[in-house]
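Trainee: These protein sequences, in sequence, are chains H and C.
If you're matching positions, the first sequence starts at 923 in my numbering and goes up one per residue.
If you're matching positions, the second sequence starts at 5 in my numbering and goes up one per residue.
Derived by calculation from the structure, the hints in this document are not laboratory data.
Honestly, I wouldn't trust all of these hints.
Quick list of simulated restraints, FRET-style, between CB atoms [unchecked claim]:
{"hint": "1", "chain 1": "H", "residue 1": "D1156", "chain 2": "C", "residue 2": "Q244", "range": "21 to 29 Å"}
{"hint": "2", "chain 1": "H", "residue 1": "G1189", "chain 2": "C", "residue 2": "A145", "range": "46 to 54 Å"}
{"hint": "3", "chain 1": "H", "residue 1": "G937", "chain 2": "C", "residue 2": "Q244", "range": "34 to 42 Å"}
Over 10 Å on every C-beta distance to chain H, these chain C residues come out as not near it, computed from the model [unchecked claim]:
{"hint": "4", "residue": "D56"}
{"hint": "5", "residue": "G69"}
{"hint": "6", "residue": "P137"}
{"hint": "7", "residue": "V158"}
{"hint": "8", "residue": "R241"}
{"hint": "9", "residue": "S257"}
{"hint": "10", "residue": "R279"}
{"hint": "11", "residue": "D290"}
{"hint": "12", "residue": "A291"}
{"hint": "13", "residue": "L295"}
{"hint": "14", "residue": "G312"}
{"hint": "15", "residue": "R333"}
{"hint": "16", "residue": "R337"}
{"hint": "17", "residue": "G380"}
The structure displayed is predicted, hence computed values, not measured ones.
Each residue gets a CB set at the ideal place from its N, CA and C atoms; glycine is no exception.
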Amino acid sequence: MNFDLTADQEALRDGIRSRCVSRFPMKRVRDGFDRSVWDELGEAGVFSLRADGFGLADAAIAFEELGRALVPGPLVWGHLAAGRAGGITGGIDVVADGPVIVEHLDAIDALAVIDAEGVRLVPAAVIAGAEPAARPLDPLTPVHRVGRLPDGDRIGGIDLLTQWRLEGAVLIGAFLVGIARACTDLSVAYAQERRQFDRPIGSFQAVKHILADMAVRTEVARASVHAAACTVDDPQMEVTRAVSGAKLLAGDAAVTNGLAATQVHGGMGFTWEVDVHLYLKRAWLLGTAFGTSGAHADTVADCLPAKGDTP
Amino acid sequence: MDLKYSESDEAFRSELRAWLARALPELPAHPGREDWKARRRFDTDWQRRLFDAGYAGLSWPREYGGRDASPSEQLVFLEETTAARAPNVGVNFVGLLHAGPTLMTEGTDEQKARHLPAILRGDEVWCQGFSEPAAGSDLAALRTRAVRDGDDYVVTGQKIWCSFGQVGDFGELLVRTDPDAPKHRGISWLILPMDLPGIEVRPIETVLGSSEFSEVFLDEVRVPVANRVGAENDGWRVTQVTFSFERGTAFVSEMVEARRLLDDLAALTADQVDRRELGHIAAELDALWALTKRNVSQAARTGSPGDGALMIKLAYSETRARLGELSLRVLGRAGLDLDAPEVGEMVEERLRTLSLTIAAGTSQIQRNIISERLLGLPREPMMTL
């Protein structure tokens, strides 16, 4: 048992991190997703990590850095579909209730659809009658409302569906941990720089306690996501319990930290100019992907003894 | 990064499991909660059995009689003893998890030789004498005076929240040796033999009706200078060493215990809303266990448990409070009787764990430490930690 990052994993993390810092500064991130983002990440090997022999734990480390930089795009779907689809692949899990809302429809070549029987691939060009949202909740994730999705080609059954749901939840979880981390970093920096009552607001316990909780929440969620990724790579406890717990904690950490960051930034946190709202909005969006917090909490609970069982 | 226990960890697990299967049925019945003499006898007897079987002081170096076990073996030990519902550390808590590690790091050779083997064998019970009525979160404001007189310190003052004060043979005692120095610089750490003249122990009744804590009154108690741990007036630094053990490791067994309690509660819970909350708490406890594994892995590599260790106490105590609240909600009116068969323990645990966000540094103090030491935020004016 050695749950520390290996030297290789630290190198992977640092490599992705420095690429994000140099290639995806917030100015570019704010321009949204396009083919150049996809191509660059592809060249960096983000989508082919697994084919290149890396495990899900390694991919999670990479996706945490992508989340920290808030890189836009259907990145988790691209990673899942790598080797099965050409071009830019987005995705949707239509088992979720409610309207069919497709992300990045104008930018993708194909849409991977998880349905009750497995996974199918639909060319974006054949999706008709899609209504774009003029004002998407996350300005960096354009969405379309789609009436009916064409059938497309089935690329996998229940086994692939199960694998994608688990891996997708872990990678979205990792991305969310990155968001939680970024919200903490932004808030700590702001609390050190912003002065009121003749001193940095970060010196006040009313503020610094919020920041301490943000840091703890991030660290707990990170441990959970890493544990889930390791469990998928090498199952030794209930995989669903580990994965659902991770998505649940990561989603809650990202949203709670996004809200806390807004509060710590005061009036500035309510402006379009400051980046905090972009992180919070993505956290809300990703909270709806690969299972909601409530559904995942129920899944974990189903792994516990039932009423009347002898523990 | 992997979570898998090694073959030798698993071998240790089977050996331990087999021993527990033999040893536990031989134990006498657990004594009544307030029969402190009997509790001391029971807990030290268990400690002696662990010692004889080679399971005492797993983390301690061999030179002090420990096993020098790997961190993962220590986690296996906690998992197995909890699963088997073996006795917990009980009155040996302060000696094994607090005073012992402090002496190992800061004590003289004589102090180590005198106390460490005795703690490990269950021959010696320790209690804590840090807090005072006017020095809680602001511990460095402590006023108990120690005046040097020949080879002794003459100690006068009052301590409070002394864990296991009623049964302690020795106390960890913080005293002010230089009243003129800034408050952090005039403190010394002493070993207090609890049988010295001038010591009076008065139990405190907790919200549980229990009395594991005491007030200790010291009236011109003569403590040998040889009992000082660390240099004179360097006691605050020594105290930080003690705290790093208390906050870093002492909560690990609590966490394993909480996971067992969660399973017990699940077996009583049908309501979907309550079960969803259970799922949420289970996810948090699983994550904290993963974070513990990360901490011990980092400790094995770097010698220091890293940032995660500072966070465990805060996060665990908050999660534990949620579990406690949920248990009362699930039990409903069945929880109105502390002695109710099978569920009384849960109600009692809810009461006991009210202390977790207060003891060993309140959650508010933990947040100060995390924000200042980890995040680098400035201190609040007029306040030093």
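Trainee: Taking the hints in turn, state whether each one holds.
Mentor: Outcome of the hint check:
1. Taking the beta carbon of each, D1156/H and Q244/C are about 39 Å apart, not inside 21 to 29 Å as hinted.
2. For the pair G1189/H and A145/C, the beta carbons lie near 39 Å from each other, so the given range of 46 to 54 Å is not met.
3. Judged by the Cβ atoms, the range 34 to 42 Å given for G937/H and Q244/C holds: they are separated by roughly 37 Å.
4. With a minimum CB-CB distance of about 28 Å to chain H, D56/C clears the 10 Å threshold, and the non-interface call stands.
5. Listed as a non-interface residue, G69/C keeps its Cβ farther than 10 Å from every Cβ of chain H; the least gap is roughly 25 Å.
6. With a least beta-carbon separation of about 23 Å from chain H, P137/C lies farther than 10 Å from that chain, consistent with its non-interface assignment.
7. For V158/C, the non-interface assignment is confirmed: its Cβ lies about 39 Å from the closest Cβ of chain H, beyond the 10 Å cut-off.
8. With a least CB separation of 23 Å from chain H, R241/C remains clear of the 10 Å interface cut-off, as annotated.
9. Interface exclusion of S257/C from chain H stands, the closest Cβ pair being 18 Å apart, more than 10 Å.
10. A Cβ of chain H approaches the Cβ of R279/C within 10 Å, the least distance being about 4 Å, so the stated non-interface status is violated.
11. With 10 Å as the threshold on Cβ separation, the claim that D290/C sits away from chain H is violated: the shortest Cβ distance comes to roughly 5 Å.
12. Residue placement check: A291/C does not keep its beta carbon more than 10 Å from all beta carbons of chain H (closest about 4 Å).
13. Against chain H, the non-interface label of L295/C is violated: not every CB pair exceeds 10 Å, the least being about 4 Å.
14. The non-interface label for G312/C is inconsistent with chain H: the shortest C-beta to C-beta separation is roughly 6 Å, within 10 Å.
15. The beta carbon of R333/C is kept farther than 10 Å from every beta carbon of chain H, the shortest such distance being approximately 14 Å.
16. At roughly 17 Å from the closest C-beta of chain H, the C-beta of R337/C stays outside 10 Å, upholding its exclusion from the interface.
17. At the 10 Å boundary, the C-beta of G380/C falls inside the reach of chain H, the nearest C-beta of that chain being 7 Å off.
The structure does not agree with the numbered hints 1, 2, 10, 11, 12, 13, 14 and 17 stated previously, though it agrees with the rest.
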